[in-house]
Every structure is written in C-alpha cells, then in structure tokens.
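Those protein sequences? They're chains A and B, same order as listed.
Per my numbering, residue 1429 is the first one in the first sequence, and the count goes up by one each step.
Per my numbering, residue 18 is the first one in the second sequence, and the count goes up by one each step.
Keep in mind that the hints were calculated from the coordinates and are not lab data.
Hints are not guaranteed to be accurate.
Stated by the list, open to error - Here are the simulated lysine-lysine pairs, DSSO-like style, with alpha carbons at most 27 Å apart:
no.: 1; chain 1: B; residue 1: Lys74; chain 2: A; residue 2: Lys1431
no.: 2; chain 1: A; residue 1: Lys1466; chain 2: B; residue 2: Lys87
no.: 3; chain 1: B; residue 1: Lys26; chain 2: A; residue 2: Lys1537
no.: 4; chain 1: A; residue 1: Lys1444; chain 2: A; residue 2: Lys1537
no.: 5; chain 1: A; residue 1: Lys1537; chain 2: A; residue 2: Lys1498
no.: 6; chain 1: A; residue 1: Lys1537; chain 2: B; residue 2: Lys100
Below, each chain spelled out in residue letters.
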Amino acid sequence: AQKVTQAQTEISVVEKEDVTLDCVYETRDTTYYLFWYKQPPSGELVFLIRRNSFDEQNEISGRYSWNFQKSTSSFNFTITASQVVDSAVYFCALGGWSGGSNYKLTFGKGTLLTVNP
Amino acid sequence: DGGITQSPKYLFRKEGQNVTLSCEQNLNHDAMYWYRQDPGQGLRLIYYSQIVNDFQKGDIAEGYSVSREKKESFPLTVTSAQKNPTAFYLCASSSRGGYTFGSGTRLTVV
Chain A
1429 AQKVTQAQTE
1439 ISVVEKEDVT
1449 LDCVYETRDT
1459 TYYLFWYKQP
1469 PSGELVFLIR
1479 RNSFDEQNEI
1489 SGRYSWNFQK
1499 STSSFNFTIT
1509 ASQVVDSAVY
1519 FCALGGWSGG
1529 SNYKLTFGKG
1539 TLLTVNP
Chain B
18 DGGITQSPKY
28 LFRKEGQNVT
38 LSCEQNLNHD
48 AMYWYRQDPG
58 QGLRLIYYSQ
68 IVNDFQKGDI
78 AEGYSVSREK
88 KESFPLTVTS
98 AQKNPTAFYL
108 CASSSRGGYT
118 FGSGTRLTVV
C-alpha cells in the first residue's frame, strides 16, 4: 500500500523567512512519481512539481526548491524568502504510471502554511 | 485548451436526495478519479477508473456510485446513503504519470 506522510499540520512564518515542508512516502513500486501541489483558499490544486523515482537530482525553480532522497523516502519542499502570497495548503502526493496502468494518486494530509507580513 | 470541467462549482441539496456531480475531460486520458476533501483534511480517493466501462472503489466509496460509459466522462453520484456528503469534490484524470485536476465542486447538503 502507498502512503504519504506530512508530519507538519500547520506552519507559521514571518515574511522573508525560509521554510521547509516535509514529506515522507512509502511504496513498494520501483517506478513512481512524487508531486507537490499548492491549494489556495479558492480550492483548486496548483501543480508545482513532478519528480520521477529514477531522478534524484534536486530541483530549484525561483524561490522554490525540492530535495528528493530515496534513501530516506523523503521529498521535501523549501520556500526561500517566503511571501504572503505563499500562504496556502501544500500537498505532497505519490502516483505514477507503469506498464500501461495509471496509478491512483495518494495524498498526504497537507501542511497549512501561513506567511505573516 | 485541454482540461477538466467540473460542474457546477457550488451545489446545494436537501438531505436524502441523490445528486450527481459532472466531470468531463478532453485530454484523451484513460484514467479518471474522484477525490473528496473535508475542511482541514487531505484528499481521499472515492472511485477511480482506468478504462471505459471499468472502475474500482477507492478508500471511501460507501454512499457513492460512478459510471464510465465514455472516455471523456466520469460522473459521481452522491446517494442518500452517504452519511456526511457535505464536502469539496475534485475530479482528476491521468496519463503516463501526469495528472490534471478540475476546479472542484463544493457540495452542501442541508
């Protein structure tokens, strides 16, 4: 069974602080994808990143960076110099595709990030 | 542009009535999914379908039903057997590890 754990339920920071959102996953599949989504108050899910299980390179996109470590089954997300607009719920998810089958996407419970001015 | 359309955005129903939520995609994706989200909670899988005319129960299927008669459509019916139907419902589709989500339907049962 697949499982995603986001241990931090809520995080509150002051603007310009760096913040890291933790994600730990469990799967027996050798091929899988890891995702991060942002959910603003309007409710839609905003796709942030997809990482293939065979690609452990860290990625940076502007103020966002992701650290994927297969050895610890973790896929952490860091926001550098946080801004008020970063306030949202962030979800880590595990899914994928193999042999013609699309995996169901399993979500963590999410982390509510509040960035205060 | 390709995407997923969920309608309506807000839905109100009286307790005891069945209600059907629409989900249509024009991405030619084989797989489709329904998730439920409660306030302060993550997304839980209700039903999913890998191909037309086939679907499987997710983690919280009780009180829900689906159909997949066309590749583009995966409607979800919330039946009167669902004890706490008030929630935010998200539909998604996927192909080759890429997932697309609709904008959701907020269902309120009074």
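Hints versus structure:
1. Lys74/B with Lys1431/A: 17 Å, holds
2. Lys1466/A with Lys87/B: 30 Å, violated
3. Lys26/B with Lys1537/A: Roughly 23 Å between the alpha carbons, so the hint for Lys26/B and Lys1537/A holds.
4. Lys1444/A with Lys1537/A: 26 Å, holds
5. Lys1537/A with Lys1498/A: Status holds; Cα separation ~21 Å.
6. Lys1537/A with Lys100/B: 22 Å, holds
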